[in-house]
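**Student:** Sequence:
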Amino acid sequence: MSATVEDKSPAVKLSLMTLSAMVVGSMVGAGVFSLPRRFAEETGVAGALIAWTIAGAGMLMLAFVFQSLAMRRPDLDAGVYAYAKAGFGEYLGFFSAFGYWASACVGNVTYWVLIMSTIGAIWPALGDGDTVLAVVLSSIFLWAFFLLIKQGVKEAAAINRIVTVAKVVPILVFVILALFYLDTDVFADNWGGADYAGSLFDQIRGTMLATVFVFLGVEGASVYSRHAKRRKDVGLASVLGFLSVFAVFASVTIVSYGIMPMSKIAELRQPSMAGVLEHAVGTWGEVFVSVGLIVSVLGAYLAWTLMAAEVLYVAAQDDDMPRFLRRATPADVPVPALVMSTVLVQVVLIITLFSDDAFNFALDLTSALTLIPFLLAAAFALKISLMPDPLTQGERTGRDLTVALLATLYTAFLLYAAGLRFVLLSFIVYAPATILFVMARREQGRRLFSPGELVICAVSITGAVMGVTALAAGWISL
Numbered sequence: 001m002s003a004t005v006e007d008k009s010p011a012v013k014l015s016l017m018t019l020s021a022m023v024v025g026s027m028v029g030a031g032v033f034s035l036p037r038r039f040a041e042e043t044g045v046a047g048a049l050i051a052w053t054i055a056g057a058g059m060l061m062l063a064f065v066f067q068s069l070a071m072r073r074p075d076l077d078a079g080v081y082a083y084a085k086a087g088f089g090e091y092l093g094f095f096s097a098f099g100y101w102a103s104a105c106v107g108n109v110t111y112w113v114l115i116m117s118t119i120g121a122i123w124p125a126l127g128d129g130d131t132v133l134a135v136v137l138s139s140i141f142l143w144a145f146f147l148l149i150k151q152g153v154k155e156a157a158a159i160n161r162i163v164t165v166a167k168v169v170p171i172l173v174f175v176i177l178a179l180f181y182l183d184t185d186v187f188a189d190n191w192g193g194a195d196y197a198g199s200l201f202d203q204i205r206g207t208m209l210a211t212v213f214v215f216l217g218v219e220g221a222s223v224y225s226r227h228a229k230r231r232k233d234v235g236l237a238s239v240l241g242f243l244s245v246f247a248v249f250a251s252v253t254i255v256s257y258g259i260m261p262m263s264k265i266a267e268l269r270q271p272s273m274a275g276v277l278e279h280a281v282g283t284w285g286e287v288f289v290s291v292g293l294i295v296s297v298l299g300a301y302l303a304w305t306l307m308a309a310e311v312l313y314v315a316a317q318d319d320d321m322p323r324f325l326r327r328a329t330p331a332d333v334p335v336p337a338l339v340m341s342t343v344l345v346q347v348v349l350i351i352t353l354f355s356d357d358a359f360n361f362a363l364d365l366t367s368a369l370t371l372i373p374f375l376l377a378a379a380f381a382l383k384i385s386l387m388p389d390p391l392t393q394g395e396r397t398g399r400d401l402t403v404a405l406l407a408t409l410y411t412a413f414l415l416y417a418a419g420l421r422f423v424l425l426s427f428i429v430y431a432p433a434t435i436l437f438v439m440a441r442r443e444q445g446r447r448l449f450s451p452g453e454l455v456i457c458a459v460s461i462t463g464a465v466m467g468v469t470a471l472a473a474g475w476i477s478l
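Heads up: the sequence shown runs through residues 1 to 478, numbered per the working numbering.
Read the hints as simulated data drawn from the structure, not as lab findings. In this text, all values refer to a predicted model and were calculated from it rather than measured experimentally. Ideal Cβ positions, reconstructed from N, Cα and C, are used throughout, including at glycine. It is possible that some hints are incorrect.
[What the hints assert, rightly or not] Between beta-carbon pairs, the in silico distance windows are: (1) A247 to Y196: 23 to 31 Å; (2) V169 to P451: 26 to 34 Å; (3) D75 to F180: 45 to 53 Å; (4) G398 to V347: 44 to 52 Å; (5) F324 to W475: 32 to 40 Å.
Make the full structure from the sequences, and use the hints.
**Tutor:** What follows is the structure, given as structure tokens:
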């Protein structure tokens with residue numbers, strides 16, 4: 001008989017309220033402050049409305065998938081990784097864990113870029129958050145947060161709940177003020193998009209990765225499933241978290257089109273919400289949003305660093321990562337996993353110095369890395385809806401099958417929307433991770449790869465070689 005959540009982790013037990021706060025804290029990150037410019041670079045009002053409809057429906061299906069899997073397979077902890085492993089084997093499960101972890105770390109880079117860009121409005125030496133000085137200061141704060149989180153999961157989670165409330169306020173104020181100052185003529189002019197936006201399909205496709213980025217965190221409760229007091233809280237927190245923030249995300253984007261021409265919004269420095277509100281109400285609006293962003297970064301960074309370390313830790317507990325990653329302090333902090341996460345953020349921060357647009361590069365790579373774990377989780381839900389195994393609880397329903405199918409199709413479409421550039425860049429990140437898989441297998445004295453795993457390994461290495469070749473030849477860029 002499988003162990004319950006309560007048996008596995010007596011140190012910390014999270015309630016529905018805490019789990020929901022973690023999901024909201026994860027989803028309402030610094031990325032929402034960048035939405036006006038990112039959408040204005042790609043699409044007009046019509047395209048944005050369609051994009052949000054597709055993204056909202058697709059991500060809601062994913063939220064329902066995580067809700068369903070939490071109830072039907074309560075034996076699985078650290079959801080995204082565990083679902084891939086249970087459905088498609090250890091190697092793909094490993095890739096899911098690593099990809100989800102890497103996406104969380106790269107996502108944290110966007111937070112430091114944004115906060116330095118925000119301060120750069122009054123300290124030009126920081127530029128758009130991608131100068132040498134900006135990277136040095138970001139690195140100092142990066143390791144300071146490492147020391148804070150090292151003190152304990154419980155303490156960091158409590159701080160995150162406080163910060164979540166604090167950062168939602170400026171976003172709601174922005175939406176209300178933008179509605180008050182909305183110019184219907186400007187809104188109408190932005191309806192079809194500027195000349196540079198292209199066809200409606202291209203506009204929609206161009207915004208898909210941005211919507212993935214801001215919705216990251218919908219799976220957050222499943223990652224913390226081993227800490228839950230009640231299994232049903234895991235799925236419910238995922239859905240409540242999603243519904244709590246979807247309207248806010250869409251509203252921030254749409255109301256901005258009624259303040260400024262989209263071509264002007266596309267030229268704003270990040271965080272673009274600050275520039276939009278400054279145009280509407282004056283300088284105090286920029287200051288207000290900028291302070292909100294700084295608070296947002298604090299909470300988002302805490303939440304995502306914890307989730308990244310948690311995934312590595314649980315994968316190591318299941319012998320899918322090297323044993324050194326399974327060590328944790330008496331306060332339930334997986335320090336080796338936390339160190340590894342902080343180091344990757346540091347590396348990517350340095351890489352942003354060589355990128356043409358540090359923020360958009362980190363944002364899109366974060367989204368692309370997440371797509372494989374999301375696709376595997378949705379496909380697992382589809383698999384057990386069609387062919388339930390003995391561990392699957394509850395009866396098969398048409399709703400479960402429909403939700404899983406739609407979620408799978410949606411994530412597959414997102415891979416197409418990401419384009420070849422970010423698929424190849426993802427392979428460059430994924431392929432070297434096999435070293436960790438080999439280390440784990442050797443520690444256990446097991447055969448390194450099965451025939452099927454060798455095929456997957458060959459595909460990942462081939463993709464990585466193609467990606468490096470494309471970068472070297474200038475066919476793709478950072």
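**Student:** Between A247 and Y196, is the Cβ distance one that fits in 23 to 31 Å?
**Tutor:** Roughly 29 Å apart at Cβ, these two residues keep to the hinted range, so it holds.
**Student:** Verify the CB-CB distance for D75 and F180 against the hinted window 45 to 53 Å.
**Tutor:** Once the Cβ atoms are compared, 51 Å apart, the range 45 to 53 Å for F180 and D75 holds.
**Student:** Is it true that G398 and V347 lie within 44 to 52 Å of each other by Cβ?
**Tutor:** Taking Cβ atoms as reference, G398 and V347 lie about 46 Å apart, which means the hint holds.
**Student:** The hint says 26 to 34 Å between V169 and P451; measuring C-beta to C-beta, is that right?
**Tutor:** violated, 55 Å
**Student:** Using the beta carbons of F324 and W475, state whether their distance is inside 32 to 40 Å or not.
**Tutor:** With Cβ atoms ~38 Å apart, the hint holds.
The structure fails hint 2 only (numbered hints given earlier).
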